[in-house]
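Peer 1: On the provided structure of chain P, position chain W as indicated by the hints.
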Amino acid sequence: MATDKELGDFLENVERRAFKQAVYAVRKDEAALDIVQDAMIKLAEKYGDKPAAELPMLFQRILQTTILDYFRREKVRNTWVSLFSGLGRREGSDEDFDILEAYEAEEGTAAAESTMDQAERAQTLQLIEAEIQKLPARQREAFLMRYWQDMDVAETAAAMGCSEGSVKTHCSRATHALADALRAKGIQL
Amino acid sequence: MNTDDINLAYKIRHALNENLDALPASTTERLAAARAIALSRKQQPRKSRRFFDVDFHFSGASLGRLGVAIPLLALVVGLGGLYQYEEQQRIAELAELDAAVLADELPLTAYLDHGFNAYLESQQRQQ
Chain P
0 MATDKELGDF LENVERRAFK QAVYAVRKDE AALDIVQDAM IKLAEKYGDK
50 PAAELPMLFQ RILQTTILDY FRREKVRNTW VSLFSGLGRR EGSDEDFDIL
100 EAYEAEEGTA AAESTMDQAE RAQTLQLIEA EIQKLPARQR EAFLMRYWQD
150 MDVAETAAAM GCSEGSVKTH CSRATHALAD ALRAKGIQL
Chain W
0 MNTDDINLAY KIRHALNENL DALPASTTER LAAARAIALS RKQQPRKSRR
50 FFDVDFHFSG ASLGRLGVAI PLLALVVGLG GLYQYEEQQR IAELAELDAA
100 VLADELPLTA YLDHGFNAYL ESQQRQQ
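These protein sequence lines are chains P and W, in that order.
With numbering that gives the first Met the number 0, you'll find the first sequence wraps up at 188, consecutive numbering, no jumps.
With numbering that gives the first Met the number 0, you'll find the second sequence wraps up at 126, consecutive numbering, no jumps.
Rather than coming from a laboratory, the hints here were simulated on the basis of the structure.
A portion of the hints provided could be inaccurate.
[As the list claims (entries may be wrong)] If you only want the chain W side, here are some residues facing chain P, beta carbon under 7 Å, derived:
{"#": "1", "residue": "L7"}
{"#": "2", "residue": "I11"}
{"#": "3", "residue": "A14"}
{"#": "4", "residue": "L15"}
{"#": "5", "residue": "N18"}
{"#": "6", "residue": "A91"}
[To be verified] Part of the chain W face toward chain P, derived, beta carbon under 7 Å:
{"#": "7", "residue": "D4"}
{"#": "8", "residue": "R12"}
{"#": "9", "residue": "L19"}
{"#": "10", "residue": "L22"}
{"#": "11", "residue": "A24"}
{"#": "12", "residue": "A33"}
{"#": "13", "residue": "R40"}
{"#": "14", "residue": "K41"}
{"#": "15", "residue": "L96"}
{"#": "16", "residue": "A98"}
{"#": "17", "residue": "L101"}
{"#": "18", "residue": "R124"}
[What the hints assert, rightly or not] Just a sample of chain P residues kept apart from chain W, beta carbon distances all over 12 Å, derived:
{"#": "19", "residue": "R15"}
{"#": "20", "residue": "Y23"}
{"#": "21", "residue": "V25"}
{"#": "22", "residue": "Y46"}
{"#": "23", "residue": "A52"}
{"#": "24", "residue": "D68"}
{"#": "25", "residue": "Y69"}
{"#": "26", "residue": "F70"}
{"#": "27", "residue": "E73"}
{"#": "28", "residue": "S84"}
{"#": "29", "residue": "R137"}
{"#": "30", "residue": "A153"}
{"#": "31", "residue": "H175"}
Please read all numbers here as calculations on a predicted model, not as lab measurements.
Each residue gets a CB set at the ideal place from its N, CA and C atoms; glycine is no exception.
One chain only, chain P, in its complex shape (with noise of 0.2 Å):
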């Protein structure tokens, strides 16, 4: 049974890269604070007792679980929204449109004040996570499973509830499209 510094330890050690999972998935900084949240809250109740060598895969299954649930949570609000406030939901997606607007300026400048390598570093990494957002879901899953997350197959295949051949496949067809999209712009890592 992990204890409670194994337990607290292990958070620690997967909290960002799962914050990161989750904003590669929702696209929303908040709403991937509140998954991650979840996550950890309900892998400390209702695994606590197990073995600090499963939690790994516990951990991502109940992220992946809690990232599902949110999307269908957005969908069933999504719904009533549209159905009843079709105004307001305009005036939505303009502030949206400028928030999004206004960040993109602000790296733009924050980029520019640094020196060229580190602006081009910092385009590349950005690069890559948006090209990394674009991968289907379970692709994006089992590559970060298994190369970020430092999960064997067999244990992504549990957390992903897919044999491990399937794993394989969606790591390999990601790894594939990563290097397409990089090759494609110009990236060479």
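Peer 2: Chain W only, in chain P's frame:
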């Protein structure tokens, strides 16, 4: 996957890790707070109780199930008891009525006589 693919995957991993260090302080603080909340709600070791050489484990879920099952059982037993009691009462009342009718001086056929019924009603009205 060939070696080139694996190399690319690990280079991407390296790039993603670099980005982790650039997370805003507000985000890392919020994550730390979320971790603290999660740890405070960690499941504690189960308490087992030895009873007739059988281990009974009490956890939140099993207590929750018992919390539903016990009132439900009590309700079923209560309804059964109430039905039995009402049934006994009804039988006793009928028996009492039968006994009263049989012990009455009037013959049973008197109750079938319409004239007798009219007489009884007029008597009641006079009272």
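Peer 1: The structure should be examined with respect to each hint, and the outcome stated for every one.
Peer 2: Evaluated hints:
1. Proximity of L7 of chain W to chain P holds as hinted, the smallest CB-CB distance being about 5 Å (cut-off 7 Å).
2. Here the hint on I11 of chain W is kept, as its CB sits about 6 Å from the closest CB of chain P, short of 7 Å.
3. Annotation: A14 of chain W was flagged as interfacial toward chain P, and the flag holds, the nearest CB pair being 5 Å apart, inside 7 Å.
4. Interface hint at L15 of chain W: satisfied, since its Cβ lies 6 Å from the closest Cβ of chain P, which is below the 7 Å cut-off.
5. The beta carbon of N18 of chain W comes within 5 Å of a beta carbon in chain P, closer than 7 Å, and the hint placing it at the interface holds.
6. Hint on A91 of chain W is violated. Least Cβ distance to chain P is approximately 56 Å, over the 7 Å limit.
7. The restraint placing D4 of chain W at the interface with chain P holds, with a minimum CB-CB distance near 5 Å, inside the 7 Å limit.
8. For R12 of chain W, the interface hint holds, the least distance from its beta-carbon to any beta-carbon of chain P being 5 Å, beneath 7 Å.
9. The criterion of a C-beta within 7 Å of any C-beta in chain P is met by L19 of chain W, whose closest approach is roughly 5 Å, and the hint holds.
10. Hint on L22 of chain W holds. Least Cβ distance to chain P is approximately 6 Å, under the 7 Å limit.
11. Given hint, A24 of chain W at the interface with chain P, is violated; its Cβ is 12 Å from that chain's nearest Cβ, farther than 7 Å.
12. Nearest Cβ of chain P to the Cβ of A33 of chain W: about 4 Å, under the 7 Å cut. The hint holds.
13. The interface hint given for R40 of chain W is met, as the beta carbon of that residue sits about 5 Å from the closest beta carbon of chain P, less than 7 Å.
14. The beta carbon of K41 of chain W comes within 4 Å of a beta carbon in chain P, closer than 7 Å, and the hint placing it at the interface holds.
15. Annotation: L96 of chain W was flagged as interfacial toward chain P, and the flag is violated, the nearest CB pair being 63 Å apart, outside 7 Å.
16. Here the hint on A98 of chain W is broken, as its CB sits about 66 Å from the closest CB of chain P, past 7 Å.
17. Interface restraint check: L101 of chain W against chain P, minimum CB-CB distance 71 Å, threshold 7 Å, status violated.
18. The beta carbon of R124 of chain W is not positioned within 7 Å of any beta carbon in chain P (closest approach about 69 Å), and the interface hint is therefore violated.
19. Remark: the non-interface label on R15 of chain P conflicts with the geometry, its nearest Cβ contact in chain W lying 5 Å away (cut-off 12 Å).
20. The claim that Y23 of chain P is not at the interface with chain W is violated, since a C-beta of that chain comes within 12 Å of its own (minimum 10 Å).
21. The Cβ of V25 of chain P lies farther than 12 Å from every Cβ of chain W, with a closest approach of about 14 Å, so its non-interface assignment holds.
22. At roughly 7 Å, the least C-beta separation between Y46 of chain P and chain W is not larger than 12 Å, which violates its mark as non-interface.
23. For A52 of chain P, the requirement that its beta carbon stay farther than 12 Å from each beta carbon of chain W is met, with the minimum near 17 Å.
24. Remark: the non-interface label on D68 of chain P is consistent with the geometry, its nearest Cβ contact in chain W lying 17 Å away (cut-off 12 Å).
25. Non-interface status of Y69 of chain P relative to chain W is upheld: no Cβ of that chain comes within 12 Å, the nearest being about 15 Å off.
26. For F70 of chain P, the shortest C-beta to C-beta distance to chain W comes to about 20 Å, beyond the 12 Å cut-off, and the non-interface label holds.
27. Distance to chain W confirms E73 of chain P as a non-interface residue, since its nearest Cβ pair spans about 20 Å, more than 12 Å.
28. The claim that S84 of chain P is not at the interface with chain W holds, since no C-beta of that chain comes within 12 Å of its own (minimum 30 Å).
29. Even its closest Cβ contact with chain W, about 16 Å, leaves R137 of chain P beyond 12 Å, as expected for a residue assigned away from the interface.
30. The claim that A153 of chain P lies off the interface holds: its Cβ sits roughly 16 Å from the closest Cβ of chain W, which is beyond the 12 Å cut-off.
31. A cut-off of 12 Å between C-beta atoms contradicts the statement that H175 of chain P is not in contact with chain W; the least separation is 7 Å.
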